[in-house]
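Trainee: Work out the full structure: start from the sequences and follow the hints.
For the protein sequence lines, the chains are A and B, in the order given.
To get our numbering, take the position in the first sequence, counting from 1, and add 725.
To get our numbering, take the position in the second sequence, counting from 1, and add 725.
Just so you know, these hints were derived from the structure itself, not from any lab.
Watch out, some of these pointers could steer you wrong.
Put simply, identical chains are the same to the list, so a pair is met inside one copy or across any two.
Unchecked claim - DSSO-like, lysine-lysine: derived pairs with alpha carbons at most 27 Å apart:
1) K863 - K906
2) K892 - K735
3) K755 - K778
4) K844 - K863
5) K864 - K944
6) K947 - K778
7) K808 - K892
There are 2 protein chains.
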Amino acid sequence: MAEEMDIFSKIPEVGYAEQSTYNNPQEFEKLCEARRSCRVYTDEHVPEEVMRKCLSLALLAPNSSNLQCWQFYWVRTPDVKNKIVKACLSQPAARTAQELVVAVAHPQMWRTTGPLMLKTFEEQKDVEVPRSAIMYYKKLVPLAYNQGFLGLLGLGKRVVLFFRGLKKPTPRGPVSKNDMKVWAHKSTALACQQLMLSFRAHGYDTCPMEGYDETLIKKAIKMPKGGEPCMVISVGKRAENGIYGPRIRFDDSLFIHEV
Amino acid sequence: MAEEMDIFSKIPEVGYAEQSTYNNPQEFEKLCEARRSCRVYTDEHVPEEVMRKCLSLALLAPNSSNLQCWQFYWVRTPDVKNKIVKACLSQPAARTAQELVVAVAHPQMWRTTGPLMLKTFEEQKDVEVPRSAIMYYKKLVPLAYNQGFLGLLGLGKRVVLFFRGLKKPTPRGPVSKNDMKVWAHKSTALACQQLMLSFRAHGYDTCPMEGYDETLIKKAIKMPKGGEPCMVISVGKRAENGIYGPRIRFDDSLFIHEV
Numbered sequence: 726m727a728e729e730m731d732i733f734s735k736i737p738e739v740g741y742a743e744q745s746t747y748n749n750p751q752e753f754e755k756l757c758e759a760r761r762s763c764r765v766y767t768d769e770h771v772p773e774e775v776m777r778k779c780l781s782l783a784l785l786a787p788n789s790s791n792l793q794c795w796q797f798y799w800v801r802t803p804d805v806k807n808k809i810v811k812a813c814l815s816q817p818a819a820r821t822a823q824e825l826v827v828a829v830a831h832p833q834m835w836r837t838t839g840p841l842m843l844k845t846f847e848e849q850k851d852v853e854v855p856r857s858a859i860m861y862y863k864k865l866v867p868l869a870y871n872q873g874f875l876g877l878l879g880l881g882k883r884v885v886l887f888f889r890g891l892k893k894p895t896p897r898g899p900v901s902k903n904d905m906k907v908w909a910h911k912s913t914a915l916a917c918q919q920l921m922l923s924f925r926a927h928g929y930d931t932c933p934m935e936g937y938d939e940t941l942i943k944k945a946i947k948m949p950k951g952g953e954p955c956m957v958i959s960v961g962k963r964a965e966n967g968i969y970g971p972r973i974r975f976d977d978s979l980f981i982h983e984v
Numbered sequence: 726m727a728e729e730m731d732i733f734s735k736i737p738e739v740g741y742a743e744q745s746t747y748n749n750p751q752e753f754e755k756l757c758e759a760r761r762s763c764r765v766y767t768d769e770h771v772p773e774e775v776m777r778k779c780l781s782l783a784l785l786a787p788n789s790s791n792l793q794c795w796q797f798y799w800v801r802t803p804d805v806k807n808k809i810v811k812a813c814l815s816q817p818a819a820r821t822a823q824e825l826v827v828a829v830a831h832p833q834m835w836r837t838t839g840p841l842m843l844k845t846f847e848e849q850k851d852v853e854v855p856r857s858a859i860m861y862y863k864k865l866v867p868l869a870y871n872q873g874f875l876g877l878l879g880l881g882k883r884v885v886l887f888f889r890g891l892k893k894p895t896p897r898g899p900v901s902k903n904d905m906k907v908w909a910h911k912s913t914a915l916a917c918q919q920l921m922l923s924f925r926a927h928g929y930d931t932c933p934m935e936g937y938d939e940t941l942i943k944k945a946i947k948m949p950k951g952g953e954p955c956m957v958i959s960v961g962k963r964a965e966n967g968i969y970g971p972r973i974r975f976d977d978s979l980f981i982h983e984v
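Mentor: This is the structure in C-alpha cells:
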C-alpha cells in the first residue's frame, strides 16, 4: 500500500525534458468561435488526407492513464453510410454529411493497451522509465479496471475501498461495469472534441450526434462486443442554411463556481 | 410520432446564416503537439484573466442538445485547494499546481437549461425559431431525460423503445440513471478538452486527473447533490521535469477502422 501511494505522490527521475513556448490565444479563440454544430452540408467533398490528418490529431488527446480506450469508425462505404443515416433518424446533419465517423468508447481497451504500454517502456532507450510506472501498468491497471465476472470483483473492490476510504484518501472507483462505461466515454469525448476542432481548423464543419439507434449503429459498423457508440460525428462544408441560429449559451455564473 | 420524427428529419426555415472561412490547420496541429499532460509545475502564477478567459472558452464546446450539463468549480481558497490535493492522493500534478478546476458532470442540468432554452427562443427577435425546436425542448427533452422515481420511468421507456425499435430506427436511451451519467460526462469531457487546449493556447499546461477520492472532492467543493466529478484539471507553467517522457501513442490502425 505504501508503494501504491508512492506511485502517485513521488516525482520520478526520468531524465527527460520537453519545452513548449506555444502561445497563440487569439487563434484558438477564433477557432472556438468558428466551430458551430452544422446541420446541413454542401456536396463538397472532404479530401481523404484531411480525414486522415484530423483522425490522427484526435488520437493525441489526453486520456485516462494513456490507455487510449477509444475507436473511430470512419464510414467509407455507401451501404454502411445509408445504414448510419437511418440509425441517426435521417437527421439532416447525417443525411447531408460528406463523411461520418462513429466514435466508440471501449471499456475493455486497457486489456490491449496496458500490455502495450509495458512493451513500449521496454523498448524506450532514451528515457529512464521509473519503476513506479512499470508497477502501475503491471499491477494497478488490471486491479483498477478489471471488474470480474458479472462485475463481482468490482463489488468486492467497492467494499474494500469504502473501508479504506474511512481512514485515508481513496479512489472510489471504477467498481462496476457502468463505472467502466463512464471511464471510457470520458476519454473518447476528449478525443471527439479534438477531432471536431481539428476539422474546423482545416476549414470543415462537424456535428456531434447522440440521437441515434445504438443497436442499428453497432450492426452497421459490425462493432465487436465490448465497445459502445459514444457519438456520431458528421463532417462537411456548411451549407448556407447549415447553422440553425446564433449560438446560445447561458450566463457563465450558472456553470463556473469559485470555491 | 410522425411529428416527433419531423423534428429530427426536416430542415427548418430559420432565416439565419453564419459563414465561416476559418482555416489554419498548421496552427492547430502545433497546439495539439504542444499540449502534453504536465505533472510538475513551476511557481509562476496563472493570471486571473487567463483563468476566466479559458473557462469561458470551454463553455463554447458543443454539448448534448445544448443543455450544457456541466459545471466547473474553480478552486480559489487555500483550504479547499489543500483538500483537493489530498483527495488527488497528493500527486505532484495537483500538489505543484497553480490552479485547480474540478469539472462536474450534471445529469440533472436539463431541468434548468431546458426551460432556459425555451425562454431564450421567446426572446430571440432576429431568428424565426421553428416550431419543431420549441416542441423539442417542451416535450421531447423532459420525456427523454426524466428517468422518474428510482429510475422506474426509465425502465418503462426501455420496454417501449425496445418494441418500437423492432419496427423502426429508435434511440435506445437514455433509460436509466447510469445512462444519464454517461450522457452528462460526455458533454463535460468535450468542454474539458476545449479548456485544456485553451490553456495551452495561452501558454499554460494542464493535467487531467481521475485518480482521486470522489467523496472528498465532493465535500471539499461542497457540491450540491446531483452532479458528479468528471475530472480535476490542474493548471500552471510546466517545470523542467514536468513532462514524464515522450508522448506514447500506439499505431493508428488499432483505433481507426474504415467500414
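Trainee: Taking the hints in turn, state whether each one holds.
Mentor: Status of the hints after comparison with the structure:
1. K863 - K906: within (22 Å within a copy, 30 Å between copies)
2. K892 - K735: within (21 Å within a copy, 57 Å between copies)
3. K755 - K778: both (21 Å within a copy, 13 Å between copies)
4. K844 - K863: within (11 Å within a copy, 53 Å between copies)
5. K864 - K944: So K864 and K944 fail the 27 Å test inside a copy (35 Å) and across (30 Å) alike.
6. K947 - K778: So K947 and K778 pass the 27 Å test inside one copy only (24 Å; across, 43 Å).
7. K808 - K892: between (53 Å within a copy, 15 Å between copies)
When the structure is compared with the earlier hints, a violation turns up for hint 5 alone.
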